[in-house]
Structures are given as structure tokens and as C-alpha cells.
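**Student:** Could you fit the two chains together into a complex? Lean on the hints.
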Amino acid sequence: MTPLPLTFDQPHPFPGKLIIVEGIDGSGKSTQLLLLQKWLEAKGFNVFFTEWNSSELVRDTTRRGKKSKALTPTTFSLLHATDFASRLYHNILPPLKAGMLVLADRYVYTAFARDAVRGVSPAWVRKLYNFAIRPDMAFYFKVPIEIAIDRLLKGTRAQLKYYEAGMDLGLSQDLTESFRIFQSRILAEYDKIVDEYGMITMDATKDIEVQQNQMRQVVSEALENYKPKRGTHGKRTLFWRRFNVPRSE
Amino acid sequence: MESGRYFGDGLTYLDPSDLKGKLIAIEGTDGVGRSTHIEMIQEWLEVQGYGVVTTGWTRSSLMSKTIEVAKQGNILDRWSFSLLYATDFADRLEHQIIPALRSGFIVLADRYIYTAFARDFVRSGDRAWIRNVFGFALVPDLVCYLRIDVDTLALRVIETKGMNFWESGMDLKLGTDLYDSFKKYQALLIEEFDKMAEEFHFEVVDARKPPEEIQEALRAKIQPMLKNGRQPEAAGATVAETPIPSAGS
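One line per chain: the protein sequences are D and R, in this order. All residue numbers for the first sequence refer to this note's numbering, where the first residue is 1 and numbers rise by one. All residue numbers for the second sequence refer to this note's numbering, where the first residue is 1 and numbers rise by one.
Rather than coming from a laboratory, the hints here were simulated on the basis of the structure. Do not rely on the hints blindly, as some may be mistaken.
Straight-line distance between alpha carbons at most 20 Å, and here's what the computed SDA-like set of lysine to any residue pairs gives [said to hold, decoys possible]: (1) D:K67 to R:K65; (2) D:K66 to D:S172; (3) D:K66 to R:Q96; (4) R:K71 to D:D60; (5) D:K66 to R:S64; (6) D:K127 to D:P11; (7) R:K20 to R:Q223; (8) R:K65 to D:L57; (9) D:K69 to R:R59; (10) D:K69 to R:Y13; (11) D:K67 to R:H95; (12) R:K209 to R:A220; (13) D:K66 to R:R59; (14) D:K127 to R:N132; (15) R:K65 to D:A70.
In isolation and in its complexed conformation, chain R is listed as follows (with noise of 0.2 Å):
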């Protein structure tokens, strides 16, 4: 990230122009197979010979535990619900994807604070708040939103691991059972997710795929970041001086 920035209000502490890794979001609702595709994606750049680390949700060493015991039933408020997950970013952004990204590491993150202003958005109607607070997280080089419709990702759920609680956001008491409720819960997530690809120009790719297409489809997004003057093998062609592609669609 040349010209690494903040969100919004940032680390005021922390100057981002000096990280020479990448950053890479992928994006999508529960159960979309964002994990799979990123150890996939994990291989294929080490193979290349890019240093990669991995961050993903909920997974800080401050955080992890509170989250799983709040999770149990403790937590009935949008804040707290919002704020654990922030706090849980926020420590592995400063102990994890920015030291990462310091040493020039590429990072993929199996979600983002895009996940985080989703499920703000379903639960409270309101989008100022969430991304004020979310305000100090890096902009991603990159996104990739893994899309699917709420019909196949039912089928593909159940047939998988099967429908918890929190993927169905029982907590908004949407349907009378697991079911009706994920659907309900996921759709409006997807919706939201829909909105905020276009406003953010998120780089999608569809879900609905066999999982080497989706691989292949995750790749041809990274390839021409990666060739951004600090590959050895491109260092000499005409690719070099260009800019970061802007990541519209």
C-alpha cells in the first residue's frame, strides 16, 4: 500500500504511508466459502514467493475468548453486539495487519469492517455510527465480495455445517424458526452487502460457481496488484510505474 489511509478518523499515532505490504479483504455472508478460497490463495502466493498472513474475525488474542462468552447470551444490545467486533479489529489491526504490512508482507483478511457494517445495518437501520467507529481501520487495496443469492447459500449451509444461531440472526427474532430466520437474516445482509459493492467498488465475484472457477475468477483480481513494481519478474516491464487499478467493476 503506497499510499496506505484510513477509512475515516484514523490512528492518529500511527502513520500508514510506510506500509509496503498489500491488503486484501475478502468479503462475503456466512458460509460462502471465503476460508476455503483464502488458504487457497494463501498457497498459491507463497508458492510465488510472497510472504502472506492471514487475519480473520473474532480471531485476536484480546478479544476471542469475550466475544465467544458474550455470544452465549450476554450480549442483547447493537453497541456492545458492535463494539466487541470492533475492539477485536482493531487489536489485530495494530498487532497483526499493520506490522504485517510494515514488513511487506500480503495480508488476506477472511472478512472486513464491511461484514461488521452489515450486521450494524440489519440491526439498527442506521449506517453513520458503525463507520464513524470503524473509522480507524485501513482501506483495503483490494476487496473481494464472494457473491451468492440466500437460495443456494440455504442449500449450501445446510448441506455443510449447517445453520447456527448467531448465521441466523436469531437475535432479531426475524422468523419463528432457524430457517425462516437465516433466510430472512442472510437476505438482508446480502442486500446491504449488494449496496455497499457498488459504493465501495468492490471486485465481485460469483459465488454461485464451482469452487476452482471461483479460485480462478479471486486470482485474476490479485494477479495485477501483485505485478504493482514489487515482483522481481515484473520489475522491468511496463507495468511498473503504473498505479494501483482502481477496483471497480
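In isolation and in its complexed conformation, chain D is listed as follows (with noise of 0.2 Å):
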């Protein structure tokens, strides 16, 4: 019956921290979250991770909505939404109120971002994600076009997917190309939200090292007065293990 009182435009009041990365496929994103999570880990934090659309509630509602290709923007629009939501209650409050790091692949700005290009009124997919916790940190992977789509098609996955490439949108009979002009338009719409949200741009072209110290340094520095809770299986790292979400996308 009470209201939590958590809206976006606010920092959230737990203990934990909530580090986010942002980008287009084949940005790097990933690597870089995970190398991160290596170094908290090693470094006796207690990392929770969490990635888009993983809810086992939605996974299978939008997997089957994707094959059949009956999603409309709205409707993809709220299933991720949902999905969202879900995670947010089941992976994401928890840690964070244990006094957990909390790492997020894709935040509620990939929604921002590609829910606009796809058609759908910024204003309300804002609104509709206003009971999203605010991040601590929220780092943006920002890469031309052409290097991602030469990361992605030389990388481990050798194929563009459907709506990945905005197929939906009838940009292009031509997947790759209408990869091309969707992520090019998502790029657009990430410029406007890293403003408007005061994120972290990573040159995500440098070498991934480079950028993983980079990030690395910020993370230090914002970590300076974090106080982490240590559990009484503190130091084993088998407990870590535990939490190693198996990597789709």
C-alpha cells in the first residue's frame, strides 16, 4: 500500500552501488563490465550482475514474440519494460539494500534510446520507466558505426539479428544494412541521452585495456567512501561463483 518513494530523477538511498554500462552492439560494453567485475571481485567486493532483458518471467513472451515478429514499438516497448521491472525487484533492490556492487549490462537508457528510434514517444518510455533506481555510475561506449559492425561480423557472432538490426522498421531488405541505419540512429539518440543524464563517455575505439583502466580509475575514485558489508562467507571465492550469470548477448 506505501508508495516506495524511489523515482528516477533522485539517487536511490541504499548502501549499494549501481554501475551501468551503455553502448550499441559491439561497442565493447560487455567486455569491459566484465573486466570490471573481475577486478571488484578480486579486489573482495561483493558484485552482483545483471543484464538486459534476462527476466525468466518475459524472456520467453519476447522470444516468442520476436520469432513470430508480431511485436508492434509499443508493445516491444513494454515487454522490456516489464522485463525490467522484474529484474529490478528480483536482482537489482536486493543487493543493493544488502550493500552490494550492482553491475548492469544495458540500463533503462537502451530503452530510451531504441524505443525512440523505433517510434515511440521519448516523453512516455521516460515516464514509463520513472520507477527505475537512478545508477551511481553510468558509463557510455561510444564507437562509429563501422567499427562495430566490423567488431560484430568478425567477432563470435558472425550474425546480425533481426531486431538487433531494426529489421522491424523496413529500413532495409539488406540485414547488415539496415543494421547500418538503425545503430545509426540509435547513436543520435545515445548523444542526446548522455547529455541529458550526465553519463561517462569511454572513446570505446582505444585498445581494450586502455579503456578498462580508464574505467577502472573512475570506478576507484567514486568507490573512495563505499563501505562494502562483508557476509560471513566474505572471502571465499567460490561464493562469487555463484553469481556469474551465464553471458548470452
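**Tutor:** Here it is in C-alpha cells:
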């Protein structure tokens, strides 16, 4: 009955810290977040990882909707918001309240950028996600579109996906070309969002270790006053393993 | 709907101005007899030669299964709860309601956004967020509200299908057993419906009366809309030029 006083426009009151990464596919954000996680865990922090579109409740529905290509911009947006709500409640809030570090691969900004490009009202999406927790640190991995495509086609994911390429928008019959147009538009949206929310922009064209060093420096400064809560299992490395969620995208 | 419009931030990619049909929502709490009356109204309209499409809460092809699964104990938080229904509604709006209206059908909606408003408010005490979420909904041409008091409702539900977990709002833990919880939860819903009836100018129909009188009353509310320039018999009548009567009671 009592409404949670949390809204996206104010800092959260919890002892934990929320660090998120954003960027288009192929920007290298997931690699960077994984390396950051390794480093934080090695330092003995309790780290919890969560990624976009991964809640049990909605994952199957999204998959089914995508498969039958029945999703509209609005249902696409709402399904992702439902997924986010479920993860916020189950995966993000408890560790934050417990004083842990939460790392999120993609956050609400992904919705702000993608849904706007799909033609949903930008004001509406922002209101939709008003229940989200404001992150303590938000990194944006900025990369030119050609480098992202190059990484995706040469990398482990040799194929671009239908919705990731924005094929539902009918921009081009060619998957790569559609990806180029769609993701370029998302880049333009991200540029606006970075300013709007004061995200930390990373030059994602640099070498992996250079970016990571920079990221670690920013994070360690921000964590200077952070007092990690240590449970009874605090020093057992096996414990951390339990939080290594299999990575999909 | 000659002047189709959205409730809030609408579907920016869909122009609602060319929707020829009429959208009629039948609202009211659980067990009040909405579906029975909708069936009878459909029959009555079809006999008169109108094309009728009915749409009901959680009946979308995208979401109905997901909502079933969620109801079996996987939703605990207010946001996922409301967003699941919002997604279901959006799917039906874009795939059923708008196409039917565009083709000139009368759409009878068994529950509409006001059900979601009442349920979310009872769970959160906040009206703003859920109303923003449903900004993409079309404002109905007519909302008929089947109004009942909670004592009569409780008797009726016990006599017919019995009380169930969700209709008793057991997730809110308002009472120690099904009956107490049902009464408290439904009383809260009815209170909120009553407030919305004034705010959004519902046509209120007393649902404590015998079914034939309720049906009579519903038809009397719907009839004036039908003559608004579309029905062949009414074409020459003076009412042809008059605008849709405002739904105020």
C-alpha cells in the first residue's frame, strides 16, 4: 500500500552501488563490464551482475514475440519494461539494499534510445521507467558505426539479429545495411541521452586494456567512501562464482 | 470515433483520426456481470446490422500465457503486475481494436484501462505512473460502468463462481481469509472506480438490478451513439449532424 518514494530523478538511498554500461551492439561494453567485475571481485567486493532482457518471467514471451515478428514498437517497449521491473525487484533492489555492488549490462537508457528510434514517444518511455533506480555511475561506450559492424561480423557473433538490426522497421532488405541505419539512429539518440543524464563517455575505439584502466580509475575514485558489507562468506571465492550469470548477448 | 484521440502520449506512429468505428468500454469490478452483458449487447447490435468485435482483458495472443504463468506465483511487484497488463492491452489495441475501428466495427471492450488504474492505485497509492503508462490508449467513445456495492457483490460471487486468489487481492494481504480479503480489496477497487466515474464521466449503470433491467439501461446508453450519422435509418433524421453526446451522467 505504501508507495516507494523512489523515482528516477533522485539518487537512491541504499548502501550498495549501481554501475551500468551502455552502448550499441559491438561497442565492447559487455567485455569492459566483465573485466570490471573480475577486478572488483578480486578486490573482495560483493558483486552482482544483471543484464538487459533476461528475467525469467518475460524472456520466453519476448522470444516468442520476436520469432513470430508480432511485436509493435509499443509492445516491444512494454515487454522490456516488464522485464526490467521484474529484474529491478528480484535482482537489483535486494543486493543494493544489502550493500552490494550491482553491475548492469544495459539499463533504461537502452530503452530510451531504441524505443525512440522505433517511433515511440520519448517522453512516454521516460515516464514509463520512472520507477527505475538512478545508477551511481553510468558509462557510455561510444563507437563509430563501422567499427561496431566490423567487430560484430568478425567476432564471435558472426550474424546480426533481426530486431537488433531494426529489420522490423523496414529500413532496408539487407540485414547489414538495416543494422547500419538503425544503429546509427540509436547512436544519435545516445548522444542526446548522454548529455541529458550526465553519463561518463568512454572512447570505445581505444584498446581494451586502456579503456579498462580508465574505467577502473573512475570506479575506484567513486568507491572511495563506499563501505562494503561483508557477509560470513565474505572471503570465499566460491561464493562469487554463484553470481556469474551465463552471458548471452 | 470521428475525433479519435489518445489518453496521453499516444502512438506517434499511428494516426487515430481516421477510425470509423465506435469504441465502447464496459467497466466494473470482478464478478459484476460484464461478460454476460457484453454478449447480449453484441447480439443486439448484430441484429441491427452492426459489425461487432469484442476484446477482453488478458486475451492477447502475445501475453495471455505469460500472465497465466505470472499469476501462478511469479509476480510480486506492482510494476511487473501492471506492465504485464499494459503489454497485453497494447497488443490488443494495435492488433485488434485499432484495425477493427478502422474498418468501421463497433468494439466492445470487456474492461479497459480504468481497471488497470484501479488495481495499480490500490497496490501503490499512486495514480500518476499508471496513467502515464497507458497514455497510448484510445479514449473510448463511451464507458459504461456497472456499479455494485461490495456486500451484494460478495453474495453474488459466492453464489456463482466463488472467490479466487487474485479477485480477492490476496497478494495485498488485506485480510486473513479469502472472504475478508475479497471484501476489503473489492471495496477499495469500487471506491476508486467511483472516483474515476466522476473524473472520466462514465455512464453509471446500477448492477444490483435484475439482468434484464441492466441490459435495458446499457442499450439506452449505447443507442444515441449509434444514430450519430452512421446508421442508414438515421441518415435523414435531424440527429445526423449532432455530435456525440458527452458521456457525463
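**Student:** For each hint, tell me whether it holds in the structure or not.
**Tutor:** Status of the hints after comparison with the structure:
no.: 1; hint: D:K67 to R:K65; in the structure: 16 Å, holds
no.: 2; hint: D:K66 to D:S172; in the structure: 18 Å, holds
no.: 3; hint: D:K66 to R:Q96; in the structure: 19 Å, holds
no.: 4; hint: R:K71 to D:D60; in the structure: 16 Å, holds
no.: 5; hint: D:K66 to R:S64; in the structure: 16 Å, holds
no.: 6; hint: D:K127 to D:P11; in the structure: 17 Å, holds
no.: 7; hint: R:K20 to R:Q223; in the structure: 17 Å, holds
no.: 8; hint: R:K65 to D:L57; in the structure: 11 Å, holds
no.: 9; hint: D:K69 to R:R59; in the structure: 18 Å, holds
no.: 10; hint: D:K69 to R:Y13; in the structure: 18 Å, holds
no.: 11; hint: D:K67 to R:H95; in the structure: 17 Å, holds
no.: 12; hint: R:K209 to R:A220; in the structure: 15 Å, holds
no.: 13; hint: D:K66 to R:R59; in the structure: 19 Å, holds
no.: 14; hint: D:K127 to R:N132; in the structure: 6 Å, holds
no.: 15; hint: R:K65 to D:A70; in the structure: 15 Å, holds
Hint compliance for this structure: every hint is met.
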